[in-house]
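Participant: Guided by the hints, dock chain G onto chain E, whose structure is given.
2 protein chains.
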Amino acid sequence: MLYLIGLGLSYKSDITVRGLEAIRNCSRVYLEHYTSILMAASKEDLEEFYGKEVILADRELVESGSAEILRDADKEDVAFLVVGDPFGATTHTDLVLRAKKDKIPVEVVHNASVMNAVGSCGLQLYNFGQTISMVFFTENWRPDSWYDKVMENRKIGLHTLVLLDIKVKEQSLENMARGRLIYEPPRYMSIAQCCQQLLEIEETRGTKAYTPDTPVVGISRLGSPTQSFKAGTIKELAEYDSGEPLHSLVILGRQCHDLELEYLLEFTDDRQKFENDVRADQEYFKPAPWVPPTEEEDDM
Amino acid sequence: MLYLIGLGLSYKSDITVRGLEAIRNCSRVYLEHYTSILMAASKEDLEEFYGKEVILADRELVESGSAEILRDADKEDVAFLVVGDPFGATTHTDLVLRAKKDKIPVEVVHNASVMNAVGSCGLQLYNFGQTISMVFFTENWRPDSWYDKVMENRKIGLHTLVLLDIKVKEQSLENMARGRLIYEPPRYMSIAQCCQQLLEIEETRGTKAYTPDTPVVGISRLGSPTQSFKAGTIKELAEYDSGEPLHSLVILGRQCHDLELEYLLEFTDDRQKFENDVRADQEYFKPAPWVPPTEEEDDM
Chain E
16 MLYLIGLGLS YKSDITVRGL EAIRNCSRVY LEHYTSILMA ASKEDLEEFY
66 GKEVILADRE LVESGSAEIL RDADKEDVAF LVVGDPFGAT THTDLVLRAK
116 KDKIPVEVVH NASVMNAVGS CGLQLYNFGQ TISMVFFTEN WRPDSWYDKV
166 MENRKIGLHT LVLLDIKVKE QSLENMARGR LIYEPPRYMS IAQCCQQLLE
216 IEETRGTKAY TPDTPVVGIS RLGSPTQSFK AGTIKELAEY DSGEPLHSLV
266 ILGRQCHDLE LEYLLEFTDD RQKFENDVRA DQEYFKPAPW VPPTEEEDDM
Chain G
16 MLYLIGLGLS YKSDITVRGL EAIRNCSRVY LEHYTSILMA ASKEDLEEFY
66 GKEVILADRE LVESGSAEIL RDADKEDVAF LVVGDPFGAT THTDLVLRAK
116 KDKIPVEVVH NASVMNAVGS CGLQLYNFGQ TISMVFFTEN WRPDSWYDKV
166 MENRKIGLHT LVLLDIKVKE QSLENMARGR LIYEPPRYMS IAQCCQQLLE
216 IEETRGTKAY TPDTPVVGIS RLGSPTQSFK AGTIKELAEY DSGEPLHSLV
266 ILGRQCHDLE LEYLLEFTDD RQKFENDVRA DQEYFKPAPW VPPTEEEDDM
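Taken in order, these protein sequences are the chains called E and G. For my numbering, add 15 to where a residue sits in the first sequence, where the first one is 1. For my numbering, add 15 to where a residue sits in the second sequence, where the first one is 1.
Just so you know, the hints here were simulated from the structure itself, not pulled from any lab data. Worth double-checking, as some hints may not be accurate.
Put simply, identical chains are the same to the list, so a pair is met inside one copy or across any two.
For lysine to any residue, the following SDA-like pairs were computed, each having C-alpha atoms within a straight-line distance of at most 20 Å [claimed, not checked]: (1) K58 x T222; (2) K27 x F300; (3) K27 x R39; (4) K115 x F282.
Isolated chain E, as found in the complex (with noise of 0.2 Å):
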């Protein structure tokens, strides 16, 4: 059996009962190491709580290696643990593919994931529109598809998840043209980063997908002890110190409602300035006034 197992967000002890005995029932272990990090448990940490070897798990493992991985999971079970859920943010699902392509049962364990817990800023998840990944920009490289799909979210009046990069056990361009198996330190993007490579792009295209005045809330090490919100625009969040990763962020669209601000104040400088800023934000993409249908049109 394969086991995908979920681990949450942040401590040892996220990890569900069921998937904790799963494991100890496992004769190889797997984290998969580079898309997340658990954010208060060590790798050694998760051993001693689990009682076994944890194999961690890169991208060129995980992509080419997944023979290795499943290597006798037919006769014996294997757990991939994944930082999150497995069909979070990044999905596994063409290793399960290739399990079931070569009958291995597969059995998941879910978890909760950024993608269900940001709704612990206070914001509805049903009111939040498709996931974009701000990735860090380099002097050639400045991707900004994400820009067209703010702008989606927006005009139907949703907000907009930012996930933002992390770079593990990447190696500079020089290491690498010259087959140098040495890396980098781990980079996280952080929340004021995100918010500068919003500006930059909005001042590129100029067709107001957002503003600088655009509400946001800036979510630090989400589920962790140290968790923390702010609130803000985008303007004054990428001058924010938002301390230790992970890091995400959210965009608010029009759809905010006043339960979701009155959760959101709590997370702001200056309750009144933030109000008059979702206010005046909520004016971009407004439909047009309801006009009642005639008696012809009114079917129902």
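Facilitator: Just chain G now, with coordinates in the frame of chain E:
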């Protein structure tokens, strides 16, 4: 301390280790019991597993009896358990706001909910738009405001998660009028009924937010031992016997990538027909073909 603890989707052991540890230190344990149910565990199973009495909290207790739930929570620990995640499909932000007003510290223990575990059908979570709820139609009440949301999602190519109505501890109109506290047996909407209601409203509205041939995925007993997925058209699933509850549905959007489709094909009766249905449905809301920008416009 007020603990809001997600129970996950199905098994008693779907609770996280951290959630279980918190419960064991609580003096009172409430289980929110009107928006969802834990599929593979009864109240008695939970009580035995936790070693604690569990108080079922119906809508009335939560919405008007929050003072009772929060009683003494500034001096002792109280747990409020929610199937799924406390900020998932139904959020309990009002209870949190009330606790904060009373200066009661709140800790959230997240878990999987349908809002993220739905990813296990193979569709990518970041391609979902806003979520809708489908209620049981009655003779005089056939609400269809969700139709516009499906249209909005599909216009930009996104999938739509449909949450299906459940009725737990509801009174008949007659018993309510006579003040008799007699409750109807619980009811859970089936995938077939949901699809029939979708077809009815499309027929009334007639603006092709979707058609009878639009592909959908029926999701039954997500995360439970008998979890199952069924991919087909709305018309086909309007005849589908989905078995025991709980159910939900996903209406596909145009942005269905090849890897998503490959995964869905596992859940079809006729792979080739479903693939054709998906390709045909992708013609709806297809954007105009891309025209390369002129040198002047191309300012990147």
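Participant: All hints, please: hold or fail.
Facilitator: Going through the hints against the structure:
no. : hint        : result
1   : K58 x T222  : neither (46 Å within a copy, 54 Å between copies)
2   : K27 x F300  : neither (44 Å within a copy, 45 Å between copies)
3   : K27 x R39   : both (14 Å within a copy, 18 Å between copies)
4   : K115 x F282 : between (46 Å within a copy, 13 Å between copies)
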